[in-house]
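**Q** Listed here are the chains, written in short residue letters.
There are 2 protein chains.
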Amino acid sequence: MNYCSQCGAPLIQKIPPGDNLLRHVCGQCEAIHYHNPKIVAGCIPEWAGQILLCRRAIEPRRGLWTIPAGFMELGESTEEAAIRETKEEAQADVEITALHAVLSLPHIGQVYLVFRGRMRSPTYEAGTESLEVGLFSFSSIPWEQIAFPVVREALRRYVIDVTTGRSQLHLATLSDRL
Amino acid sequence: MNYCSQCGAPLIQKIPPGDNLLRHVCGQCEAIHYHNPKIVAGCIPEWAGQILLCRRAIEPRRGLWTIPAGFMELGESTEEAAIRETKEEAQADVEITALHAVLSLPHIGQVYLVFRGRMRSPTYEAGTESLEVGLFSFSSIPWEQIAFPVVREALRRYVIDVTTGRSQLHLATLSDRL
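Here the protein sequences come in this chain order: A and B. Per my numbering, the very first residue in the first sequence carries number -11; after that it's consecutive. Per my numbering, the very first residue in the second sequence carries number -11; after that it's consecutive.
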């Protein structure tokens, strides 16, 4: 971040009055440019004891499996974001039934909100960001080919919950060592 | 948003390849500048059947009451953000015990994550952003002087939960008409 997005002048780093963190501040118009964590909204789509996974058609981790998930957009709710991502990446319609996990990834400034979603029908198809999409029983989940540690962790906790008949919210922080 | 924060050239609005939303894109270096919702992490600090509220010393809504809450920063977890805000605004130390509510405010691009926090001692004091801080029994909550509708809604649901002996996660979307 080098230039002010408001006036185009060079930015400097300083602690604004009343603040206690270094911020990017414009030397000309004095606008303060904050950086904040982003929300990734995801969904575990469920159908008859199976879950829907997508094989990524894009980098990073092209060719590996994940749940439908992506950056939340302005103007939508967290649940709407999860439903939209499921539609875009797996062409599937889900009804959100619960928030499964809130997983903080402070090393990359992201917070995953992973929902459970009941598929309205066993209809799905690869979206433009997926190579293929498929339903997996718990015993066939490709654990060694999951794209991201945070998704593996969300799925691991999900399988334990469902297997033991529990539904709970998971609050956790994942380090970059996971 | 008028200028590219990377190279300083003017921005144009267009839909990037593979996207379906208008974005701010640099006409020179082609950097895409995304805007995403921000997380506000908040805490309802609890002590002996009472809750801790802060009277705002800053705009907006100076002079009105709220829970400790603020924008999550890079490098912290959601729980750490709620603990930090409680320390900054009320000089109180809390242990997070549960996530009380995930409240989406799509009209202003915010998501409130409101936690329950057990105060480690009945020690508190106004931080620089608060005029005063105090413990309130449920019957003395100043409902008509709560700073923000989202905070009033979080507190309303909290009081019902505690009064009826429940602890549950609230998922809701608040419109600007609330």
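I should point out that these hints are in silico values taken from the structure, not numbers from a laboratory. A couple of the hints might just be wrong.
Same chains, same names: a pair is fine if it fits in one copy or spans any two.
[What the hints assert, rightly or not] Here are the computed lysine to aspartate or glutamate pairs in the EDC-like style, where the Cα-Cα straight-line distance is at most 20 Å:
hint: 1; residue 1: LYS26; residue 2: GLU141
hint: 2; residue 1: LYS2; residue 2: GLU61
hint: 3; residue 1: LYS75; residue 2: ASP7
hint: 4; residue 1: LYS2; residue 2: GLU47
hint: 5; residue 1: LYS75; residue 2: GLU141
hint: 6; residue 1: LYS26; residue 2: GLU83
hint: 7; residue 1: LYS75; residue 2: GLU117
hint: 8; residue 1: LYS2; residue 2: GLU18
hint: 9; residue 1: LYS2; residue 2: GLU132
**Q** Compare the structure with each hint and give your call.
**A** Verification of the hints:
no.	hint	verdict
1	LYS26 <-> GLU141	within (19 Å within a copy, 24 Å between copies)
2	LYS2 <-> GLU61	between (29 Å within a copy, 16 Å between copies)
3	LYS75 <-> ASP7	between (41 Å within a copy, 14 Å between copies)
4	LYS2 <-> GLU47	neither (35 Å within a copy, 22 Å between copies)
5	LYS75 <-> GLU141	neither (23 Å within a copy, 31 Å between copies)
6	LYS26 <-> GLU83	neither (23 Å within a copy, 24 Å between copies)
7	LYS75 <-> GLU117	within (11 Å within a copy, 43 Å between copies)
8	LYS2 <-> GLU18	within (11 Å within a copy, 28 Å between copies)
9	LYS2 <-> GLU132	neither (44 Å within a copy, 39 Å between copies)
This entry does not satisfy hints 4, 5, 6 and 9, going by the numbered hints stated previously.
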